[in-house]
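Chemist: Spelled out, the chains give:
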Amino acid sequence: MKVVVCTKQTPSTTAVFSVNDGTVSWEDPGGKPNIVNPWDEYAIEEAILLKENHGASDAIALTFGAPDATDALKTCLAMGCTEAVLVSDDSLTGSDEVGTARILAAALNKIGDVKIALFGKQAIEGDTGLTPVMTAQKLGWTPLTYVSAIKEISDDSITVERLLDDGKETVTAALPVVISVVKEINAPRYPSFMGIRKANRAKIPSWSAADLEIDGEVGAEASKTAWFDTSTIPVREGEVEIIDGDSVEEQAEALVEKLFEEKVI
Amino acid sequence: MSDVWVFVENSSGDIPAVALEASGAARGVADELDGSLVGIVFGEDVDDVAEKALEYGLDEVLGADDESLATFRVEAAGPLLAELAADREPAAIIIGGSTRGKDLAAWTAAQLGAGIVTDAIELEVDDETIVVTRPVYAGKLLAKAKVTDGIQIITLRSRAFPKAEAGDGDGDAEWVDAVKDEDEIPTKVSSFEGRGNEVSLTDASIIVSGGRGVGGPEGFTPVKDLADVLGGAMGASRAAVDAGWVPYEHQVGQTGKTVAPDLYIANGISGAIQHQAGMRSSKIIVAVNKDADAPIFKLAHYGIVGDLFKVLPALTAEFKDRLGK
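Just so you know, the protein sequences line up as chains Z and P, in that order. Residue numbers for the first sequence follow my numbering, so the first one is 1 and each next one is one higher. Residue numbers for the second sequence follow my numbering, so the first one is 1 and each next one is one higher.
A couple of the hints might just be wrong.
Unchecked claim - Just a few of them, taken from the derived set where beta-carbon distance is under 7 angstroms, the chain Z residues facing chain P: (1) P38; (2) D58; (3) A101; (4) I153; (5) G167; (6) K224; (7) Q251.
In case anyone wonders, no lab produced these hints; they're calculated from the structure. As the structure is a computational prediction, the values presented were derived from the model and not from experiment. Don't be surprised by glycine CBs; every beta carbon is placed ideally from N, CA and C.
Working from the sequences, and respecting the hints, build out all of it.
Modeler: Here it is as structure tokens:
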């Protein structure tokens with residue numbers, strides 16, 4: 001049973017953005033502008049745990065992105081993934097959400113014998129959270145989103161707990177499945193020193209569109225969404241009003257009065 | 001067709017806020033497109049839900065009432081919505097951005113091969129096309145996006161749109177059959193543990209949050225007390241969640257929930273950029289922190305520099321007094 005974790009390289013969480021003529025760029029005060037999507041760390045950890053504890057033969061990291069997304073894949077290898085695969089091709093750049101799902105589905109089919117594909121619940125730049133369900137739909141697999149615990153796995157089925165807006169749901173599904181995970185599921189490990197050395201030596205295969213048998217249209221031409229007018233969020237005008245007073249009771253009274261005036265109570 | 005469909009999520013006969021907000025947003029779009037607003041109601045024994053939906057200003061209801069739809073499962077609801085949409089070709093399908101709504105939108109768009117834009121905070125109609133404004137890069141930037149061809153599927157951010165208001169409903173409901181038999185649906189839900197009356201972060205109009213400055217799990221007691229007296233939800237920063245002081249479901253920020261309450265009270269939270277990403281759209285922000293230089297004061301409208309263990313009980317007492325509790 002192979003387990004694949006689909007991961008994405010994103011701007012770092014501390015990145016500072018600027019927009020010039022509609023082009024978005026970013027810098028990072030810590031000097032590391034791109035990272036593995038933070039939500040994916042939990043999916044990577046879960047893939048490694050499935051190998052360590054549930055007899056998965058492989059924990060393979062898969063990324064669709066620019067050639068430099070191999071950095072994200074190296075982090076996956078350093079954490080303990082057994083293999084990594086990059087899908088990168090100019091003809092695939094600019095795919096919309098459904099196109100991306102078609103590409104990932106084709107790559108998962110090419111890897112073959114995959115029983116569980118893991119995703120983070122969303123990627124921090126788009127925050128759409130669409131890809132897990134879309135990829136499952138394209139594969140004809142069952143999507144299980146917002147998974148906070150894998151309770152049981154047998155040869156042909158899996159039972160998980162899902163964290164929904166209004167509660168926790170326990171659900172059993174037939175394999176293969178696509179799972180998106182939330183932070184409650186585990187505590188991701190740090191890459192080990194040995195892992196980092198191994199990852200730096202690893203040769204990561206890069207698959208082109210021609211390597212994949214993609215079912216349906218992909219790439220910028222086929223995209224059904226258009227983006228425009230990206231802008232930075234206007235800085236809030238005005239300064240904070242610090243509530244002073246002779247006693248904490250006086251401060252509380254003054255603040256509560258302000259909040260009633262603002263009509264937010 | 002220029003009809004607009006809106007997904008009327010429901011559970012136990014109730015229509016949650018997220019679906020009322022979607023109905024309110026979709027009403028405006030349908031009026032601009034000069035089309036009917038059609039509520040999509042799936043479930044079991046949902047006659048009453050359809051009635052209620054019509055009272056919230058929907059022109060028609062298109063529903064399916066079937067045992068297989070009793071608990072929302074995307075492998076049952078997704079194919080049904082996609083087949084109905086392929087057959088009837090609405091101009092747009094608008095869905096509230098709940099966990100279930102996002103799953104449904106993703107499945108439907110994938111099955112139809114349709115364009116989708118998520119997390120709308122504003123909608124405008126320009127020449128038959130819906131222009132969506134949405135935050136990107138964790139709320140650090142805003143972008144506009146639209147679907148350029150075919151059915152426009154759009155999901156909404158919670159609390160970005162006013163709820164539809166109840167009135168007289170005189171529209172009709174049309175009922176269709178489910179498209180998947182129970183034995184074709186590969187998932188079985190064995191249990192559901194609801195949150196009860198606890199207010200969820202994304203629905204809350206008031207959130208009181210604690211961060212590293214509360215010092216430990218017991219430090220959340222005054223935070224929770226204030227949240228309770230205000231009928232609000234309790235939030236937390238990543239630092240407090242990672243320290244194990246409160247469960248992850250309370251986390252606000254880039255790797256937690258994105259919230260937009262009317263009032264956000266941040267206690268002992270320094271205001272890291274990742275936390276700001278999750279709460280900066282709040283209408284009024286109050287910061288309580290003993291460090292006058294904490295970045296949260298740059299974002300806050302009101303601040304108290306002081307010890308939260310003294311300030312919070314005083315605020316709770318004052319609110320109790322004013323609210324007659």
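Chemist: Run every hint past the structure and note whether it holds.
Modeler: Going down the list of hints, with the structure as the test:
Against a cut-off of 7 angstroms between C-beta atoms, the interface hint on P38/Z holds, since the closest Cβ of chain P lies about 5 angstroms away. For the restraint placing D58/Z at the interface with chain P, the shortest Cβ-Cβ distance is roughly 24 angstroms, beyond the 7 angstroms limit, so the hint is violated. Satisfaction of the interface hint for A101/Z is found here, the shortest Cβ-Cβ separation to chain P being roughly 6 angstroms, below the 7 angstroms cut-off. The interface hint given for I153/Z is violated, since its Cβ lies 15 angstroms from the closest Cβ of chain P, which is over the 7 angstroms cut-off.
This hint holds: G167/Z has a C-beta 4 angstroms from the nearest C-beta of chain P, less than the 7 angstroms allowed. For K224/Z, the shortest C-beta to C-beta distance to chain P is roughly 3 angstroms, which falls under 7 angstroms, so the interface hint holds. Below 7 angstroms, beta-carbon pairs count as interface contacts, and Q251/Z has one with chain P at about 5 angstroms; its hint therefore holds.
Of the numbered hints stated above, those contradicted by the structure are hints 2, 4, listed in ascending order.
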